[in-house]
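Participant: The lines below spell out each chain.
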Amino acid sequence: MHYFDEIELGDEIGPVEKIATDEGVANFCDVWGAPTPNRFTDAETAAKSGMPGTIVPGIMTMAMMAQLLTDWGGPDSIKDLDLVFRQPVPHNRPLTLAATITDVREEEGEHLVECDILMTGTEGERYVGGKAIVALKQR
Amino acid sequence: MAIELEYDRSLYGVEHKAGPFEITNEIIDRANSSTGETGPAFRSDEGAKEAGYRGRIAPPTLCCILVRQVSLPDVKVKFGRTQMHAGQRVEPKAPVYAGDQLTASSHLKDVYAKTGRSGTMVFVVWETTFSNQDGLVVAEVQESFAKRE
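Same order as they appear, the protein sequences are chains A and B. For the first sequence, my numbering gives the first residue as 1, with consecutive numbering after it. For the second sequence, my numbering gives the first residue as 140, with consecutive numbering after it.
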């Protein structure tokens, strides 16, 4: 966990590498109650929607992005996580998650860190991007 | 040139309620295992207490999963053929504890068109507020769906 007084503009959070496995996606879809068959777990349904293969649900990529931030700032440090799902995310491929700090400020007694956050693929694909605000503790 | 969008504007101002959703240990376990979540406060009561919580808490995006269980009406946008999940936003307001009973209240926030390099897309944005059994707001979630020509 990090403290507010350690942080400087331009600092990086991560990068960390993650993989969304077939099993992980199936489990995630069960929790959500996704109607089946769907393009997340069924290759034929994915092909019908023009996808090269089954894809990772946007909300699952969001959970992975949130993990990057909570590992760094603490379990309830996220104040705002706002993501755009830019491209379909494939299963079983390395995904790189990282954020860059763009602002640090104190607001209404909270120590806030704003960052740009991005999930990329091995060929530089920009799968998911957005902004986050994280509140850190002050020592 | 601005596009005159045709859709069901009577949906504005209507709240769609859902729940209660019980936040069981099993739901948290399954969400954790699917993403490889290892944060101690999300894994057990002991881990959460060490981090200063009264008990095990759910990861901050759990409400983004629950929101898919809210039944929302068709906005009837007369544009495009394919729809995709374009984006999502969560603003966690308070911890969600294992054993909490959450209710959801959703409304149509906006419908708008945007033209970029790949053409025009129409976005439909829903906003959902999750509250716990004590009436405390625990998260605001926005979902954005895009329709493409």
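Derived from the structure by calculation, the hints contain no laboratory data. Every residue gets a Cβ at the ideal spot worked out from N, C-alpha and C, and that includes glycine. Treat the hints with care, as some may be off.
In silico DSS-like pairs for lysine-lysine, Cα to Cα no more than 30 Å straight-line [to be verified]:
1) B/Lys248 / A/Lys137
2) B/Lys253 / B/Lys188
3) A/Lys131 / B/Lys248
4) B/Lys248 / B/Lys188
5) A/Lys137 / B/Lys232
6) B/Lys217 / A/Lys79
What the simulated footprint calls covered on chain A by chain B, stretch by stretch (three residues with Cβ under 8 Å from a Cβ of chain B suffice, anywhere in the stretch; the number is not a length) [said to hold, decoys possible]:
7) 5 to 17
8) 35 to 48
9) 73 to 82
10) 104 to 110
Participant: Next pair to validate is A/Lys137 with B/Lys232; report whether the Cα-Cα distance is within 30 Å.
Facilitator: Status holds; Cα separation ~16 Å.
Participant: Under a C-beta cut-off of less than 8 Å, do 3 or more residues of the stretch 73 to 82 of chain A approach chain B closely enough to confirm the stated coverage?
Facilitator: Contact hint for the stretch 73 to 82 of chain A vs chain B: holds, 8 residues under 8 Å.
Participant: Run the distance test for B/Lys253 versus B/Lys188: straight-line Cα separation, threshold 30 Å.
Facilitator: At roughly 47 Å apart (the allowed maximum being 30 Å), B/Lys188 and B/Lys253 break the hint.
Participant: Examine the stretch 5 to 17 of chain A: at least three residues should have C-beta closer than 8 Å to a C-beta of chain B.
Facilitator: violated (count 0)
Participant: Holds or violated: the stretch 35 to 48 of chain A covered by chain B, criterion of 3 or more residues with Cβ-Cβ distance under 8 Å?
Facilitator: violated (count 0)
Participant: Under the criterion that the straight-line Cα-Cα distance not exceed 30 Å, is the pair B/Lys248, B/Lys188 satisfied?
Facilitator: At roughly 38 Å apart (the allowed maximum being 30 Å), B/Lys188 and B/Lys248 break the hint.
Participant: For B/Lys248 and A/Lys137, compute the direct alpha-carbon distance and say whether it is at most 30 Å.
Facilitator: violated, 33 Å
Participant: Holds or violated: A/Lys131 with B/Lys248, Cα cutoff 30 Å?
Facilitator: Within the cut-off at roughly 20 Å; holds.
Participant: Is B/Lys217 within 30 Å of A/Lys79, Cα to Cα?
Facilitator: It is violated: about 35 Å lies between the C-alpha atoms, which goes past 30 Å.
Participant: Counting residues of the stretch 104 to 110 of chain A with a beta carbon closer than 8 Å to any beta carbon of chain B, are there 3 or more?
Facilitator: violated (count 0)
Violated hints, in rising order: 1, 2, 4, 6, 7, 8, 10; the structure is consistent with all others.
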